[in-house]
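Participant: Let the sequences and hints guide you as you build the complete structure.
Mapping of the sequence shown onto my numbering: residues 1 to 95, in sequence order.
Hints were generated in silico from the structure; no laboratory data involved.
Ideal Cβ placement from N, Cα and C applies to all residues, glycine included.
Nothing false has been slipped in among the hints.
Restraint ranges, calculated between C-beta atoms of paired labels, are given here: (1) 14 / 62: 13 to 23 Å; (2) 59 / 1: 25 to 35 Å; (3) 24 / 69: 29 to 39 Å.
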Amino acid sequence: MTRRLLVVDDNEILGWALQARLWVAGCEVILAGSAAEAFAVLEIERFDLVLMDLSMPDMTGLEAMEVIQQRGLCPETPVVLLTASEDIQNVQDAR
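Facilitator: And the structure:
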């Protein structure tokens with residue numbers, strides 16, 4: 001069974017790299033370049049996992065997770081936050 005993943009990251013190059021690697025692993029990957037784009041996709045599609053950047057221009061990954069929960073967009077789908085930031089406070093906030 002093919003796993004469907006949504007990758008949410010404003011960095012297109014990183015998004016493409018994740019998509020390529022996950023495709024090789026047998027996953028179907030949809031890319032969203034912002035939290036707003038992710039909300040629109042989640043309104044109409046279902047995924048097995050959402051990988052979301054913690055730091056995006058329109059809102060943080062934590063804020064986006066709150067909106068997703070409030071709207072009931074993917075109540076049973078795990079959301080994993082990713083970051084390249086070395087800011088320990090961001091990591092602690094995500095816990």
